[in-house]
Amino acid sequence: MNNSTQPNNFISDEKKLRQKRRERADSRFHWYGLTALGLALAFLVFFFVDIIGQAVPAFYQTEVKVNIHYVEAAKTNYNKAVDHKLRRVVSRAWLRTLPVYLKRHPELIGNNIKQWVPADSRVDQYIKQHNGHGLKSKYQRIVDAMAEEGRIRQVFNIRFFTSGDSKLPENAGIFSAAVGSIFTLLITMLIAVPIGVMTAIYLEEFSEDNHFTRIIEVNINNLAAIPSILYGLLGLAIFINFAGVPRSSALAGGLTLALMTLPIIIIATRAALQSVPSSIREAAFGLGASRWQTTWHHVLPLAMPGILTGSIIGLAQAMGETAPLLIVGMVAYVPDAPDNILEAATVLPAQIYTWAGESLRAYEERTAAAILVLLTVLLSLNGLAVYLRKHFERRW
Amino acid sequence: MAFWMGRGKALSFETDDVRLHSRPGFYGLYAVSWIALPALAVSLLFSIAHIFNLFTVPAPMLLATTLGLGSAGLWFALSHINANFRARQAVEKVMRGLLFTAAAISILTTIGIVLSVVFESVRFFKVIPIWDFITGTQWQPDTAFLIGAGRTNESVAPPLFGSLPIFAGTFMITLIAMLVAVPIGLFAAIYMSEYASHNARGHLKPMLEILAGIPTVVYGFFAAITISPLIVNIAHTFGLEADYTNALAPGLIMGIMIIPFISSLSDDVIRAVPQSLRDGSLALGTTKAETIRHIVLPAALPGIVSACLLAISRAIGETMIVVMAAGLRPNLTANPLEGMTTVTVKIVEALTGDQEFDSAFTLSAFALGLVLLIATLILNIISIMVVRKFRQQYE
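Protein chains in written order, with the working numbering: chain V, 1 to 396; chain S, 1001 to 1395.
These are calculated hints, taken from the structure and not from any lab test. Every residue gets a Cβ at the ideal spot worked out from N, C-alpha and C, and that includes glycine. You may find that some hints are simply not true.
Stated by the list, open to error - Taking lysine to any residue pairs in the SDA-like style, the calculated list, with each CA pair at most 20 Å apart, reads: (1) V/K80 x V/T97; (2) V/K390 x S/G1213; (3) S/K1205 x V/H298; (4) S/K1093 x V/L168; (5) S/K1288 x V/P106; (6) V/K390 x S/G1202; (7) S/K1389 x V/R214; (8) S/K1288 x V/L17; (9) V/K16 x S/G1285; (10) S/K1288 x V/T35; (11) V/K138 x V/R151; (12) V/K136 x V/E204; (13) S/K1093 x V/V218; (14) S/K1205 x V/H30; (15) V/K65 x V/V45; (16) V/K20 x S/E1290; (17) V/K65 x V/Q140; (18) V/K15 x S/G1327; (19) V/K20 x S/T1287; (20) S/K1093 x S/L1037; (21) S/K1205 x V/D209; (22) V/K65 x V/A145; (23) S/K1093 x V/R87; (24) S/K1205 x V/T294; (25) S/K1389 x V/R28; (26) S/K1205 x V/T35; (27) S/K1205 x V/K15; (28) S/K1288 x V/K128; (29) V/K390 x S/V1371; (30) S/K1093 x V/S290; (31) S/K1126 x S/T1287; (32) V/K75 x V/P106; (33) V/K20 x S/T1291; (34) V/K128 x V/K75.
To be verified - Counterexamples of contact, computed for chain S against chain V with all Cβ distances above 12 Å: (35) F1026; (36) P1336; (37) G1339; (38) L1377.
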């Protein structure tokens, strides 16, 4: 009776201390967990802030207002079109287009027009105040003077989305890489999704539990764990060297990525099929449906959301993959968008890799911008998958 | 078209007293499979013959053959169809066969990977003794192309393919990655499964999984452009010298990349530990942390170990981060601030240049690939076995 009113008499100080220590250890443990999560999420925030911070300037292109001399000589030597001291200020990529433009518009010859033209990438970087812009101090003074006269402005960099890769950074864009990505992904999708879904249907609905089935199951789990670069070796040895698919083509890349995505789609589809309760199948069998009828008319429609989600996640992963494409030669300088699946192509991640290796400072922000585009696409794909799962999820 | 022809033919038999054996659609499918399968088989045969250089069939002839076979198949199928024909059974068999073929492709992929890697590796080991490859400490393949070109003279040092420094680099970077990923991933998993509310967990887990969804080439750029200079600066303030291609930056970033592999899998196994174990322990007066440490974690250990093994196999096979942020020079050192290289970097280096395909340098990529394949397969098989043991215990 006493211990409820005077409990302290029965607990020694030593015990109290130990109790305190244990409670402290308990809350410490709680904090470890929070810290770990916090660290991981802090990295995520740091990462996105850093990439976005680097990427945003690339969406703006500096333009300068200069006198363009539309003279006869500019048809052969485009340098003649601008004042000598401005030759390094105006974009060379733009100047190069002048002769063709002049031939098309001969009426311009003899005119002297003050107009906005894209600036050289070094000027661009200097205006954006990036370290390592590489602009000589002589030109820095010219540019400073122009800025004071209001002859420098920044406009939205539409060229980044409409042009392909270029050796001149102010002209480099992601268009050809995006087209290559679409081609490659289409091939991956057309091959991996049907074969993956069919394999999963076979394993879940048709096969007996025999030795062969079990081998396939273990094998698929192993395939999912094999590093992606080994798929590149497979693509190089089998598709390119053996079957004669052209190197660097979207076909070679798409086939390689299809094999890589296959296990992901199979595993997701199997999970989706498993979640369909067997009572549905039994009801269909009971009405005299064959296995194929049951699967096609009843099980597949119910498993469709899960299959879609898995396929989207698998394709998103394929879209961000670079290593196997490196091996099959899809990391190449490809300025023009490919017209068909046998032409040399590059994909977005490969373009990022190529630009990351360039030494000019202007490519760095373009790399970050391409990364931002890629991440946006991937995150929206994954978001779509999550939405589909949430929206169509059915509890049995 | 064939589908409607087959279906129409079948329907024409149906009168008030005669019932079709199968649903009309099956007759259609039956006709379709008799068109498509022979045509497909012939095209496949011809393309295989083309690949093996046996004979090449001109495209018009190929087209004619396939069309001919297709129409022959259609005629055959249509002539078969009558009210009593068991189209359903036939179609069922075809479907089963198709699905089986699809399933066999996954086996073919494995065989393809193993064969392509082993075949070229054998060619490599014919030139370079396997023992030198495994135990050599010097990797200097620069002169290998001379042998390939048949220009061997005495003044040129022979190429050396000692892969020990490459394995050491791989091991070092993997170790750094695991030192980052295991504590953070494990504690994050413990927090999510034991402390966080159901709702919070539903938000936290997808957020962590974003980390695994970021393409590795992006991590590589981040490691090379942001983290590496950061590490060099920090090392400098401590009076240390660090290379820009130090092993620490790719290791750290790789560690962050594999956090979700560890946290998600561990979270699942920790939640699979029966609640009765926790209740029993808490009823004895232990604190929550003590329950987790002494009861829950030991019970979930096999699953956690297998998650770590999978993460290791992910780390050693990771390519883009190390290609972009780690060094190219094989370096046998224990200092993570120095540049080191990995197996995957060397594979990429050997296969992206303008080398002859037959040179020992190029073939070395396949030998390294073989090592990588064996390592990941062993890790994967062990982890599957460990998980199976775990499942048997609690399910």
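Are any of the numbered hints broken by this structure? If so, which, sorted upward? 3, 4, 5, 12, 13, 15, 18, 21, 23, 24, 25, 27, 28, 29, 31, 34, 35 and 38
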